[in-house]
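Given next are the chains, with one letter for each unit.
There are 2 protein chains.
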Amino acid sequence: MSTPKILILGAGYGGLLTTLQLQKKLNYNEAEITLVNKHNYHYITTWLHEPAAGTAPADHARVGLDQIIDMNKINFVKDTVQSIQPEERTVTLESGDVLSYDYLVIGLGSDPETFGIEGLKEYAFSIRSINAVRQIREHIEYMFAKYKNEPHRTDYLTFVVGGAGFTGIEFSGELADRVPELCEEFDVDPSLVKIYNIEAAPTALPGFDPELVSYAVDVLTKKGVEFLIGTAIKQCTPDGVLLADGQEIKSKTVVWAAGVRGNSIVEKSGFEVMRGRVKVDEYLRAPGYDNVFVVGDCALIFNDEGRPYPPTAQIAVQEGEALGDNLAALIRGEVMMPFKPALQGSLASLGRGEGIGMVGSKKLFGTSAALMKKASDLRYLYKIGGVGLALKKVRL
Amino acid sequence: MSTPKILILGAGYGGLLTTLQLQKKLNYNEAEITLVNKHNYHYITTWLHEPAAGTAPADHARVGLDQIIDMNKINFVKDTVQSIQPEERTVTLESGDVLSYDYLVIGLGSDPETFGIEGLKEYAFSIRSINAVRQIREHIEYMFAKYKNEPHRTDYLTFVVGGAGFTGIEFSGELADRVPELCEEFDVDPSLVKIYNIEAAPTALPGFDPELVSYAVDVLTKKGVEFLIGTAIKQCTPDGVLLADGQEIKSKTVVWAAGVRGNSIVEKSGFEVMRGRVKVDEYLRAPGYDNVFVVGDCALIFNDEGRPYPPTAQIAVQEGEALGDNLAALIRGEVMMPFKPALQGSLASLGRGEGIGMVGSKKLFGTSAALMKKASDLRYLYKIGGVGLALKKVRL
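Chains as they are written, first to last, in numbering that gives the first Met the number 0: chain A, 0 to 395; chain B, 0 to 395.
Please note that the accuracy of each hint is not assured.
Here are some of the chain B residues that sit facing chain A, going by a computed Cβ distance under 7 Å [to be verified]:
1) N130
2) R133
3) Q134
Hints listed in this document are in silico derivations from the structure and should not be mistaken for laboratory results.
Backbone N, C-alpha and C fix where the C-beta goes; we use that ideal spot for every residue, glycine too.
Starting from the given sequences, assemble the full structure and let the hints guide the process.
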């Protein structure tokens, strides 16, 4: 009997935690585990709004895979997945290499959900990777520098954030914190800088506790963010955005943060999807394939009321851990355990020292929310890289 | 008899030193002195290659005018000169204000000399002001960030410096020093980055000692600069440069550093110019006007062999000091002294800890040239702002 091959696609929250759990549970030679990832690092997606705004270095939001993975137990392949052939049990990479597997874990993350809005794909940025956020940061700085050489172009100083969900809110707060620094560096009058947060839903942070929402909106408004709530973006152009009410906002920087869909590779590979996500069973298996598992933003699971869980880091981490356990069980001929998310609450930062959150049924505001978020970040870092990583990364 | 009005246009080397010398020489109420400048700071043009490459902060290369000028003695007007009417003895500013004068000092600096090369004005950067160099720095960083999101676009990583005179050489060296930092920050393979220095003359640093030139070219070549000497740029396009030999270099960053001409306002105001510069007499007076003086890059003076002195900071400083003395003399009914530049040598930096120079008949190489340049910078800062400024600014 040959050693079973486990192939894990993507080192985001889901794929990484699956890998780490397998690394912990299995002995050498129980399985041949291969992790494929575009980069040789894992990035902490929930922190990306900071380097995007330039309030933290990009390096801060990533961890070298060699620091957390035991390369003696795991084969690491730095390559980009091009397609999956589930019938052949193979995966094709950009390099042309074809990998075969007995068990596949799809953790390929998300694409921005543009809801068919014209021009977004072409002209808007999105906070989706280390490479993307470095470009956003540099683009913002470049706009300040350009403005000083073309002082009639106030559109260079207008920033549009599309979406007032978690990412949109966190990025708006961070950008508002960065603006005074940029104004100082480039000799720009702060009153000329505009940050618009535009949300189509009738409220910011839809689905969140109204008292927390109103606190968040207050804090950000005081920092200089202008909210246009209940306002849909109709089109994004090279010159800004057109709103459904006919208004135009002239801006050279539109950051789209209004949601994600599953990575398009999954759909292209023939899996049945809803908004790019595969509706998995209680063992995170893709319909029709006993040996294909999906985690993170590519996986769709429903709560007891039949509503889909949102794609969050918290759930991806739980999925990865559960799947690692179940794959270890499978390989040893043991029984798999059904997975169910255990929501621990949610926390959003609102820039320096400010936040909101819900932990259990408790509402948190201001510094206590910000501190709680640090604690939760610390816990995640400890989970993936031990005390050393936690101490190295958390900024107090 | 009313107090004579001295109006000084520009706080570059020439205008600033005229102002400071008058401030030192004249008592309160001997003259009404007004200094007009676009910014409320003076910048050290010979340092601008550093913030342009990003090896030093832009702030480092400027000094607030309120730190060095006695605002009780000097009226400072932050405005941009639009035109001079020498017959009416007035100057019109961008704000619409019209200032009258008894004595005028034109120290309006330079415009880039593009030699009629098509596209340079539109598509090339030039190292000419704090605003310009901040844009160059941000543009360079942005190119690295963009490349990581469009990895087929190696033209983003190609940098063209037009001109191997002092500015072109100094900027090339500084940029070569910055590249490893940028590669580290943006995860870019350094072998993909190209810096071309293109010079139409048959040698780099035309007119400079051949041994020093060859040392400079060697140092920069080792740092990764590729020289194309005796190669004219025919055209600059949004995609790069076309060379006279038909070759095209694809690049999104062309920095033009091949010389300057006098500020176009001078010619537009009716003064007779050669390459924008007014041929002044031995008292730095414009032909036909006893009360109009020209200093710095707008002034053209000839050496004993009938060759024009190049527009340098060194000569501008000497002109400013001499003119300050002469204006004080004029106001007191004393005799003016004819001005003649006293060349003390020239020093060029070649990036960190490297340089070349000629002091008297002595050639300097490497660290001794770099140190000598620091000493000369120190002397200038001491001259304009005393010990305090010198200590604050010089980086050892």
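Each hint tested on the structure:
1. N130: holds (4 Å)
2. R133: holds (5 Å)
3. Q134: holds (4 Å)
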